[in-house]
Structures are given as structure tokens and as C-alpha cells.
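From just these sequences and the hints, can you work out the full model?
These protein sequence lines are chains H and R, in that order. The opening position of the first sequence corresponds to residue 69 in this note's numbering, with each subsequent residue numbered one higher. The opening position of the second sequence corresponds to residue 110 in this note's numbering, with each subsequent residue numbered one higher.
The set of hints was computed from the structure by calculation and includes no laboratory data. Wrong hints could be hidden among the right ones.
[Unchecked claim] Stretches of chain R that chain H covers, calculated by requiring three or more beta carbons in the stretch to come under 8 Å of a beta carbon on chain H:
| id | stretch |
| --- | --- |
| 1 | 152-159 |
| 2 | 198-208 |
[As the list claims (entries may be wrong)] Below are the SDA-like pairs computed for lysine to any residue, each with C-alpha atoms no more than 20 Å apart in a straight line:
| id | chain 1 | residue 1 | chain 2 | residue 2 |
| --- | --- | --- | --- | --- |
| 3 | H | K110 | R | G210 |
| 4 | H | K110 | R | L148 |
| 5 | H | K110 | R | L154 |
| 6 | H | K110 | R | I135 |
| 7 | H | K162 | R | V164 |
| 8 | R | K125 | R | V222 |
| 9 | H | K110 | R | S215 |
| 10 | R | K124 | R | P190 |
[To be verified] If you only want the chain R side, here are some residues facing chain H, beta carbon under 7 Å, derived:
| id | residue |
| --- | --- |
| 11 | G149 |
| 12 | F213 |
| 13 | G214 |
| 14 | S215 |
| 15 | G216 |
Even glycine gets a Cβ: it sits at the ideal position worked out from N, Cα and C.
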Amino acid sequence: GESVGLHLPTLSVQEGDNSIINCAYSNSASDYFIWYKQESGKGPQFIIDIRSNMDKRQGQRVTVLLNKTVKHLSLQIAATQPGDSAVYFCAERKGGSYIPTFGRGTSLIVHP
Amino acid sequence: EAGVVQSPRYKIIEKKQPVAFWCNPISGHNTLYWYLQNLGQGPELLIRYENEEAVDDSQLPKDRFSAERLKGVDSTLKIQPAELGDSAVYLCASSFSGGDGYTFGSGTRLTVV
Chain H
69 GESVGLHLPT LSVQEGDNSI INCAYSNSAS DYFIWYKQES GKGPQFIIDI RSNMDKRQGQ
129 RVTVLLNKTV KHLSLQIAAT QPGDSAVYFC AERKGGSYIP TFGRGTSLIV HP
Chain R
110 EAGVVQSPRY KIIEKKQPVA FWCNPISGHN TLYWYLQNLG QGPELLIRYE NEEAVDDSQL
170 PKDRFSAERL KGVDSTLKIQ PAELGDSAVY LCASSFSGGD GYTFGSGTRL TVV
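Below, the structure is given as C-alpha cells:
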């Protein structure tokens, strides 16, 4: 069936480096995408979102890129900090629904 | 603001025993969601309430799982009897109708032994 998934289960980076977390989706009807951060013992926390009519959206230290041609989504974190260590999930919402469908997470480990 | 409050944070029970989880949503949020999250996986929706009405419970295993939101505010999710495979984190989320303000609680980690 259609799903949202991640390429890399674990990403290790050094503090100060830039991080890129990737996500592939297969549902062409999805028109809204969200990145969540989940720290140990906590629920997923909204980071940034993007609508399908956009290619790029920037937040504070984070950028989401959307490539609809290849159904690919990425989250870029600039100057990664130890506090960024967490599991990151991408999620999609289909048109007309506000329920996100989550993919498998990527664990980001930031070494001081 | 307290956010979405869930209790207990952790629960360990023997298989075949009942267990219940409680969720108090953010004040004013009339939509409440219960999710199941297995290790390394994203949350999977079990049931969604609009006020006191369950409007999407297609993923809820109704032979052993039940939920209620009697007054349209807090909610309880119950499993009876629990099985080993039910070990997971049970997350609650809430939002305004239409999805604005979508916020997760910290979850209840259930271990069935």
C-alpha cells in the first residue's frame, strides 16, 4: 500500500555540522507534509511543515525541501547541536484530511 | 498551559490483565486522538473523537480495546485482556476541529510480561 518511509534509520553527526534527514513518500494525493521531532520519553513535537505547492520552507535552523517529481522530502538542520539528538519523523496528510500518516523514524545522534 | 496530560507514564502488567490509560487534552481542543507507537515506528492512529463522538475507530482492535470520552473532554483507553504484543507507547493528541494546534502528550509506555 502507499506509505511514507525514511531511508536512514540512524544518522550520527558532529556538533556544528549540518544534518540532512531524508524521507520518501508514495502517495501522490498528499498535499501537506510535516516533520516531527521526538525526544526520549516524549511525544512527537512539530518542527516545520510544507504544502505541496511549495518546494522549500525555512524555519529557525531548519529547512524542509520537497521534490514532488521523485516524491522526496528532506529536513536540513544547520549547525546541529546536542539538543537536536532525537528521532525525527516525516508525516503526510492527504487532501481533505487533517490526520497525519507517519513514516518510520530516523535517529539523529549529535556528538559533542 | 499544561499541554496534553497522560497518565500513568509507565505501566507494567501481566498478560491477560486489564489496563487503562487516561488523557486530558488541551483546554478548548474538541478533537482527541489515541495512537499506538511501536519502537522505532511512527504513531498509528487507533481512534479519533470529535467532542464525545468517536468518528474514526477503524484501526481500533475492538475485541480487546475500548475507549470513551463521555463528557467530550478527557478520555480513557482500555485494553482487556492485554497480550504480549500490546507492549508499546500509547500516545494521546488533541487539536481544534480541522487540526489546528495538533499537540501530542508524552505517552504511556506499556510493558506486558
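Discussion item. Quick check on G216/R please, does its C-beta sit within 7 Å of some C-beta on chain H?
Written reply: This interface hint holds because 6 Å falls under the 7 Å limit.
Discussion item. Holds or violated: K110/H and I135/R, Cα atoms, limit 20 Å.
Written reply: holds, 16 Å
Worksheet item: Should the hint that F213/R touches chain H count as held when the rule is a Cβ pair under 7 Å?
Response: Check passed: Cβ of F213/R comes within 3 Å of chain H, closer than 7 Å.
Worksheet entry | Coverage of the stretch 152-159 of chain R by chain H (three or more Cβ within 8 Å) | holds (count 4)
Discussion item. For the restraint on G214/R, tell me whether the closest CB of chain H is nearer than 7 Å.
Written reply: holds, 5 Å
Worksheet item: Holds or violated: K125/R with V222/R, Cα cutoff 20 Å?
Response: holds, 10 Å
Fill in: Restraint satisfaction for S215/R [CB to CB of chain H, less than 7 Å]
Holds. Min distance 5 Å.
Worksheet entry | 20 Å limit on alpha-carbon distance, applied to hinted pair K110/H and S215/R | Judged against 20 Å, a Cα distance of about 4 Å means the pair holds.
Worksheet item: Is it true that the CA of K110/H sits at most 20 Å from the CA of L148/R?
Response: holds, 13 Å
Discussion item. Is the listed coverage of the stretch 198-208 of chain R by chain H valid when you require three or more residues with a beta carbon under 8 Å from a beta carbon of that chain?
Written reply: holds (count 5)
Discussion item. Check whether the Cα positions of K162/H and V164/R lie no farther apart than 20 Å.
Written reply: Holds: K162/H and V164/R sit about 17 Å apart, inside 20 Å.
Discussion item. Please verify whether K110/H and L154/R have alpha carbons no more than 20 Å apart.
Written reply: Within the cut-off at roughly 17 Å; holds.
In this structure, every one of the numbered hints holds.
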